[in-house]
Amino acid sequence: MSRDILISIRNLKTAFGSNVIHEHLDLDIRRGEILGLVGGSGSGKSVLMNTILGLKKPSGGDILLNGRRFSEMNSRERRLVDSRWGVLFQNGALFSSLTVQENVMAPLREHIDMPIELMEEIAGMKIGLAGLDPTAGGKFPSELSGGMRKRAALARALALDPEILFLDEPTAGLDPIGANAFDSLILELSRALGLTVFMVTHDLDSLYAICDRVAVLADKRVAAVAPIDELQRNPHPWIQEYFHGPRGRSAVGSRES
Amino acid sequence: MRGKKQSKASRAGVVVREEGGKTIIEAHGDWLVETIGAAYPVLCKIEETTAPGDIVIDFTHLGRVDTSGAYLLGRVTRRCGEPDGEFHFIGAHPVARSLISEVRKRTEACQPPQLPAYGFTKALARIGAGLEAAVFEALDTIAFFGRTLTVGISTFFRPWRFRLTPTIWAMEEVGVNAMPIVAVLSFFIGAVVAFMGANLLQTFGLSVFSVELVGISVLREFGALITAIMLAGRSDSAFTASIGSMKMQQEIDAMRVLGLDPYEVLVLPRVVACVLMAPLLTFGAMIAGVFGGMIVSWVVQDISPALFITRIQDELPWSHFWVGLSKAPVFGLAIAIIGCRQGMQVGGDVESLGRRVTASVVQSIFTVIVIDAMFAMMYLELDI
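Order-wise, the sequence lines are chains Y and V. If you use our numbering, the first sequence corresponds to residues 1 to 257, in order. If you use our numbering, the second sequence corresponds to residues 1001 to 1384, in order.
Hint data in this document are derived by calculation from the structure and do not stem from the laboratory. In this text the structure is predicted, and so the values were computed from the model without any measurement. Where is the CB? At the ideal position from N, CA and C, for every residue including glycine. You may find that some hints are simply not true.
[Stated by the list, open to error] Capping the alpha-carbon separation at 30 Å, the derived lysine-lysine pairs in DSS-like fashion look like this:
(1) Lys1022/V - Lys139/Y
(2) Lys1045/V - Lys1122/V
(3) Lys56/Y - Lys45/Y
(4) Lys1122/V - Lys139/Y
[Stated by the list, open to error] Chain Y is faced by these chain V residues, among others (derived, beta-carbon under 8 Å):
(5) Glu1034
(6) Tyr1040
(7) Thr1067
(8) Ser1068
(9) Tyr1071
(10) Met1344
(11) Gly1348
Generate coordinates for the entire structure from the input sequences, incorporating the hints supplied.
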């Protein structure tokens, strides 16, 4: 196995009762890349992410981090791994009883030993880094709009400068300008910090703009993984429809013009 | 690049030297979020004692760096007019320089939140604010009652708009399903009253009067009160939670947009159900309470059930029963109104749902007891 592969998924099977979501699923996430994951509604994109995160137990197969099986790790190792992962859930999943700043400080308090003033400053920095106004720090999640909540959640995901960032539909519900800014932010962070990004998305523009490779989830497995230009030539019917349907074409058109 | 993160990070260190009127800060080790804690006080001190224009940061010995490290390093020059000027930095590092300016470009220090102040005047201000909130809360509840009343009256004249199915459902939920617990509770209250009476009255040789004691207290007070308190704890919280969660999911907004009046669809059925079921529950509670008293009197004082019932029939005027029963619909109305109103007040987050459910139970029990006191005074004046 190459040293450049951070997470590899082998022969994964997940199921809810008798309803099989994934079967014989293989996927590699390379160090430092931005990997997009697309698939139809209900094809199990979020389930795959949750399985990698350890929130859902797979029914079969292995997930390996740096060649180590997750199933063989003890809880201490697992905790250490978790502290190096940043996750942005679909609806933000901010703690509603804490302000934005306290939300961002939560992982710092839990894992890092540093003076509280510095923690507050760093939280403020992360909030700014995620593109939020500094005054948002004192607000509660319920006082924020959907887009701002997403940015606040990104600030929390970035709090520990993670090695790998999981994003579940990060640009869904953002206006095009905000979505562009979000994309460029993720690209910059990935390049500057060597951050690995695994991103579930439906936003064709961000697929074109920032993803190094795109994985397509179809027929309960990863039907194809390739850079996007290559992927468009893939004969799989779902992929053809996805990229060459009216929305796909307009995204390509706007990129080429 | 940060490179391999698997290797253990070394602590962030600072070495300061003076050179040609400049203060040179050498950054040593890895400046990562988990290692920079120790460097913070040192840098704070430098920032206080040195003119920001004279600070130079040396990257030569710097290991890995992340955004938090870059922030802390770049922080020392923030007060300078030109915080990212070339003269601030020496030594080569692949990312530190760009990361520092990138972080600075995107950030502004977060304002610390205002802490609540303490002190005597603040305490008075809080009491005042609390009182004001209570008054407005009461006014709002009365307004909500008025609104429900108008909807109720308009539905009375257009009976086809009345939602029968939800009303029946609410009646089952509020009434039938609550009957066992209300009856059991009331049974024990009646039994306790009989016990107390037996002990006290036996010393005077008047033990037979415990029949009146049980009869009057259960019929006049406990039947209605126990029912109301159970309703407040059981049904009122359920009203608030169910309407509140609908509010949270924007279901109420969807109803309004579809031309449905939430007062007609949600509030009125619950209020009607509560007003109708409270007297029936109270009646059940009275029966159970008297039964409890009767059993205890039989066991402890040898008053046979036949004697007990005859004595109640002969000695207790009907008025006690009617006084108790007359309070029940008023209690039911107050409880339903408070429960529904609190549900409608729920905001967008889970926190407010919890707060509203608590407020709803507390307010309705409070209101029930206040109304009970008012009834007591009224009937006292009326000599009933």
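**Item:** Interface hint compliance - Ser1068/V to chain Y, C-beta minimum distance less than 8 Å
**Value:** Where the cut-off is 8 Å and the nearest Cβ of chain Y is about 5 Å from Ser1068/V, the hint holds.
**Hint check, Gly1348/V versus chain Y [nearest Cβ-Cβ separation less than 8 Å]** = holds, 5 Å
**Message:** So if I understand the rule, the pair passes when the alpha-carbon distance is 30 Å or less; does Lys56/Y with Lys45/Y pass?
**Reply:** holds, 13 Å
**Message:** Holds or violated: Lys1045/V and Lys1122/V, Cα atoms, limit 30 Å.
**Reply:** It is violated: about 36 Å lies between the C-alpha atoms, which goes past 30 Å.
**Prompt:** Quick one, is the Met1344/V hint okay against chain Y at 8 Å, beta carbons?
**Reply:** Because about 17 Å separates Met1344/V from the closest Cβ in chain Y, which is outside the 8 Å limit, the hint is violated.
**Request:** Take the C-alpha atoms of Lys1022/V and Lys139/Y, compute the straight-line distance between them, and say whether it is at most 30 Å.
**Result:** violated, 41 Å
**Request:** Go through the hint on Thr1067/V and say holds or violated, using the shortest Cβ distance to chain Y against 8 Å.
**Result:** holds, 6 Å
**Prompt:** Taking the least C-beta to C-beta distance, is Glu1034/V closer than 8 Å to chain Y?
**Reply:** holds, 5 Å
**Prompt:** For the hint on Tyr1040/V, does the least C-beta distance to chain Y fall short of 8 Å?
**Reply:** holds, 5 Å
**Item:** Given hint Tyr1071/V near chain Y, where the shortest CB pair must fall under 8 Å
**Value:** Hint on Tyr1071/V: holds, closest Cβ of chain Y at ~5 Å, below 8 Å.
**Prompt:** Straight-line Cα separation of Lys1122/V and Lys139/Y no greater than 30 Å?
**Reply:** Since the Cα atoms of Lys1122/V and Lys139/Y sit roughly 23 Å apart, the hinted pair holds (cutoff 30 Å).
Consistency note: the structure conflicts with the earlier hints numbered 1, 2 and 10.
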